[in-house]
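**Student:** Chain by chain, the residues run as shown.
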Amino acid sequence: MIVASKKPLTEIIASLEGYHKILIAGCNECVTVCEAGGKKEVAALAVLLRDRFRLEERRIQIDEVTLERQCDRPYLEEIRNVIDQYDAVLSTACGAGVQYLAETYTTTPVLPGVDTVFMGVMEETGVFGERCQGCGQCVLASTGGICPVARCSKRMLNGPCGGSTGGRCEINKEIDCGWQLIIDRLRSLNRLREYERVTPIKDWSRERAGGPRKVIREDVRR
Amino acid sequence: MNDTIETYSRLQRILRSGQLAVTSECGPPRGSDGSVIAKKAEWIKDHVDAINVTDNQTSVTRLCSLAACIRIKQLGLEPVLQMVTRDRNRIALQSDILGAASFDISNLLCLTGDHQSFGDNPTGQNVYDLDSIQLLQTVRRMRDEGKFLGGDEIERPPRMFVGAAANPFADPYEIRVPRLAKKVAAGAEFIQTQCIYNLEKFERWLKEAGERGLLEKVYILAGLTPLKSAGMARYMKNRVPGMDVPDEVVKRIGGVAKEKQAEEGIRICVESIQRLKEMKGVSGFHIMAIEWEEKVPEIVEAAGLFPRPAAG
Chain H
13 MIVASKKPLT
23 EIIASLEGYH
33 KILIAGCNEC
43 VTVCEAGGKK
53 EVAALAVLLR
63 DRFRLEERRI
73 QIDEVTLERQ
83 CDRPYLEEIR
93 NVIDQYDAVL
103 STACGAGVQY
113 LAETYTTTPV
123 LPGVDTVFMG
133 VMEETGVFGE
143 RCQGCGQCVL
153 ASTGGICPVA
163 RCSKRMLNGP
173 CGGSTGGRCE
183 INKEIDCGWQ
193 LIIDRLRSLN
203 RLREYERVTP
213 IKDWSRERAG
223 GPRKVIREDV
233 RR
Chain Y
14 MNDTIETYSR
24 LQRILRSGQL
34 AVTSECGPPR
44 GSDGSVIAKK
54 AEWIKDHVDA
64 INVTDNQTSV
74 TRLCSLAACI
84 RIKQLGLEPV
94 LQMVTRDRNR
104 IALQSDILGA
114 ASFDISNLLC
124 LTGDHQSFGD
134 NPTGQNVYDL
144 DSIQLLQTVR
154 RMRDEGKFLG
164 GDEIERPPRM
174 FVGAAANPFA
184 DPYEIRVPRL
194 AKKVAAGAEF
204 IQTQCIYNLE
214 KFERWLKEAG
224 ERGLLEKVYI
234 LAGLTPLKSA
244 GMARYMKNRV
254 PGMDVPDEVV
264 KRIGGVAKEK
274 QAEEGIRICV
284 ESIQRLKEMK
294 GVSGFHIMAI
304 EWEEKVPEIV
314 EAAGLFPRPA
324 AG
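Chains as they are written, first to last, in the working numbering: chain H, 13 to 234; chain Y, 14 to 325.
Worth flagging that the hints you see were computed from the coordinates, not collected in a lab.
Fair warning: there could be bad hints in the mix.
Unchecked claim - A short list of chain H residues far from chain Y (calculated; beta carbon distances all over 10 Å): (1) Q73; (2) Q111; (3) A114; (4) L204; (5) P212.
Unchecked claim - What follows is a set of in silico ranges between Cβ atoms, one per label pair, in the way DEER data are often shown: (6) G107/H <-> G226/Y: 35 to 41 Å; (7) R220/H <-> F131/Y: 38 to 44 Å; (8) L60/H <-> D165/Y: 58 to 64 Å; (9) Q97/H <-> F131/Y: 37 to 43 Å; (10) G268/Y <-> A26/H: 16 to 22 Å; (11) E208/H <-> C77/Y: 33 to 39 Å; (12) K220/Y <-> G107/H: 52 to 58 Å; (13) G138/H <-> D46/Y: 48 to 54 Å; (14) D46/Y <-> R70/H: 41 to 47 Å; (15) G89/Y <-> G141/H: 38 to 44 Å; (16) G44/Y <-> I187/H: 30 to 36 Å.
Built from N, CA and C at the ideal position, the CB exists for glycine as well.
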């Protein structure tokens, strides 16, 4: 999933300056799973904002809606009939959702309610870890299913570096050394010899280096 | 040996002759006064065969390695250009290699580099377009095939003696020799190791490298950093990732009076060199006296590595 974290309330309040009718729009996908911007978080954020504005004696209307997906146009259409009632939309979807909402409703300001962080997994309740950086050319087949791009702080394709200590990354003892994980996994697969294959220089043009990317699927295109 | 091409490198010439080589390093200043480099180089010039110049080590912004190497070259001395892949993409790396070659800088040490979070710009972006092994491949291709990574011909390809670092002490230990093998396969001709305090572990690594036939392919320069104090020993032991300082070393330097600790640190370093000289596969020494370059001559002399072979 795409993992996001809640934005600090003060930052959200500052971004809402000057708006009086605000729609908070949640998303029922990834941000719901990572508990940053689903229906529950939208309701909680609405309560916090209403309380704050009441204390400040500001008359600000805050409404809530949670869409099935903000990265898919038909679902964005669900608010077409009401969007003009608002000065601004505060979207708690990921960055893709916020942008797609903004692209769909060009005359309404759309503000982000979360910080989009990475593609990852739920390691335990409330703990999410990065797993993929969307490099566009998956290398997992040769690294025991553990990604050196996402999990090595230096994205070393022929790691580990000399800073790997006790299974931990040199930059922070809380971070696993991605290459230690790869080595452990290759060993348990009895494929440690594969480590010695020199991984060639990577084509980063398939990552963000190549500019904004598009996937065009002629087979499913209508 | 991996070094099939004779470059202009004096370091290579000495290693090929079978004599023990001595290199050391200078950290460039945190300012634009290039005379600092010249001063450090002057301290050590008669006692080493080549001088490494670090590339924004520990990710702290400094005068650039290439400019400092040019200065050393212009003093008639031999620099080893350290190049990390943290800050430059493949265009900049290839460009700097050519820039270095244009001044006949003949030694290149390929490194990935410390992560920027250690330095003075922890909020900066990193590059890591290549890793150290891929940088080795890049420079070997430029030199041996006379080609850029993009495939175009290079006019006057760089003629450099190409090296890499190795850390026998980092984890996981089981791939430390395989990782050396990868660097050799990628084209490393010489290796400068992480500073050695745990001689037993180093010897084990060296023996295993020998069993794999790697010592017939690559020259190993054993890395040494003299300890200035017990505090430094503890810091290296506990705070520097991938560093192995055994308890007995910490105990030994801590066991003498504070004002005698620097002297003891030098003594440990010299004794280590003596022991390393006996190990098969050690082709020389890389003495990294961090902000203590003036002590290098004393260490080299005490270790019986002076005088150095004549330049030329």
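**Student:** With reference to the structure, classify each hint as holding or not holding.
**Tutor:** So, going through the hints one by one against the coordinates:
no.	hint	in the structure
1	Q73	38 Å, holds
2	Q111	22 Å, holds
3	A114	26 Å, holds
4	L204	8 Å, violated
5	P212	7 Å, violated
6	G107/H <-> G226/Y: 35 to 41 Å	52 Å, violated
7	R220/H <-> F131/Y: 38 to 44 Å	25 Å, violated
8	L60/H <-> D165/Y: 58 to 64 Å	59 Å, holds
9	Q97/H <-> F131/Y: 37 to 43 Å	52 Å, violated
10	G268/Y <-> A26/H: 16 to 22 Å	59 Å, violated
11	E208/H <-> C77/Y: 33 to 39 Å	34 Å, holds
12	K220/Y <-> G107/H: 52 to 58 Å	53 Å, holds
13	G138/H <-> D46/Y: 48 to 54 Å	52 Å, holds
14	D46/Y <-> R70/H: 41 to 47 Å	58 Å, violated
15	G89/Y <-> G141/H: 38 to 44 Å	54 Å, violated
16	G44/Y <-> I187/H: 30 to 36 Å	34 Å, holds
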